[in-house]
Amino acid sequence: GDSVTQMEGPVTLSEEAFLTINCTYTATGYPSLFWYVQYPGEGLQLLLKATKADDKGSNKGFEATYRKETTSFHLEKGSVQVSDSAVYFCALAHSGGGADGLTFGKGTHLIIQP
Amino acid sequence: GAVVSQHPSRVICKSGTSVKIECRSLDFQATTMFWYRQFPKKSLMLMATSNEGSKATYEQGVEKDKFLINHASLTLSTLTVTSAHPEDSSFYICSATRGEAFFGQGTRLTVV
Chain A
338 GDSVTQMEGP VTLSEEAFLT INCTYTATGY PSLFWYVQYP GEGLQLLLKA
388 TKADDKGSNK GFEATYRKET TSFHLEKGSV QVSDSAVYFC ALAHSGGGAD
438 GLTFGKGTHL IIQP
Chain B
3 GAVVSQHPSR VICKSGTSVK IECRSLDFQA TTMFWYRQFP KKSLMLMATS
53 NEGSKATYEQ GVEKDKFLIN HASLTLSTLT VTSAHPEDSS FYICSATRGE
103 AFFGQGTRLT VV
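Chain order of the listed sequences is A and B.
If you're matching positions, the first sequence starts at 338 in our numbering and goes up one per residue.
If you're matching positions, the second sequence starts at 3 in our numbering and goes up one per residue.
Hints listed in this document are in silico derivations from the structure and should not be mistaken for laboratory results.
Note that this is a predicted model, so its numbers are computed, not measured.
For every residue, glycine included, the Cβ atom is placed at its ideal position computed from N, Cα and C.
Careful: at least some of the hints might be erroneous.
[Said to hold, decoys possible] Derived DEER-like restraints, expressed as beta-carbon distance ranges:
| # | chain 1 | residue 1 | chain 2 | residue 2 | range |
| --- | --- | --- | --- | --- | --- |
| 1 | B | HIS87 | A | ASP391 | 46 to 52 Å |
| 2 | A | GLN382 | B | LYS68 | 25 to 31 Å |
| 3 | B | PHE93 | A | ALA390 | 32 to 38 Å |
| 4 | B | GLU65 | A | SER416 | 46 to 52 Å |
| 5 | B | SER11 | A | GLU413 | 30 to 36 Å |
| 6 | A | GLU406 | B | MET47 | 25 to 31 Å |
| 7 | B | MET47 | A | GLU413 | 23 to 29 Å |
| 8 | A | TYR376 | B | LYS43 | 18 to 24 Å |
| 9 | A | SER416 | B | THR84 | 48 to 54 Å |
Isolated chain B, as found in the complex:
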């Protein structure tokens, strides 16, 4: 099946710094990718839809200036958490769709 690769799987950063997470579709082109966030014991929440060559579409309540999304090519979307704070610590997951949604392995972000 199709593979979506997410990197890094874990990252620890200092408060106030920025962190970039990459999501790649390895064997297909994805004009649309999705970013989700999961808090402990909570659902995966859709944060934004990443559109190749255009601006991302953010869900209500998600700060677009905090979570920068760039979908520069048909196989790569990046999520940058800017000026990270401890409350941004979470599990971030991306997905790309080819008939069905394929998910990356997720990134555990810890802001200290």
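Isolated chain A, as found in the complex:
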């Protein structure tokens, strides 16, 4: 079956540091890939997505590139802020918007210190 593996947290960085959260997946066919973010006390929100190989999703300074050859979708940001502190989930779906349900990684808790 499908699975998503992402790096364990918590990840603690200083403000303005470079961020990478690794994500790899196992799936049949050509899934769509997503990053969701969950801020304290809130529901999951879509951060970015990519629907085919070599696509790059980007939003709020975050980027991730769909790499089919390495089955990866690593999340990056050049300069993190305290407000980026949250839990980040990598996910995949076999429909573009997750209309058939999503398979999630375990989540990575990111802590940004001033």
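Given chain A, put chain B in place with the hints provided.
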């Protein structure tokens, strides 16, 4: 963006009782909603797909008689945990899709 509201956010119940969790799409109609469960330090696991006007579709290993799902209208799905036991304690999250998946805030269930 679209909003999905989940209620309650936290509930504590006694072992053997039932608990109902509501998931509402506030500004769109959702013929399909999803229920997920998250154990500590584990992935969100899809439990079931809730279909308006028909029976829910459960993932393998999820007891349909334990986790009753009712999708009575295009904006409301409910998950009832029946005869709850401490092992049912978990974080339950719903989602509804309109182009993309929108998630509720989640419900922390503690069974004592």
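Requested in this report: Could you work out which earlier hints the structure fails to respect and list their numbers in ascending sequence?
Outcome: Hints that this structure does not satisfy do not exist here, as all of them hold.
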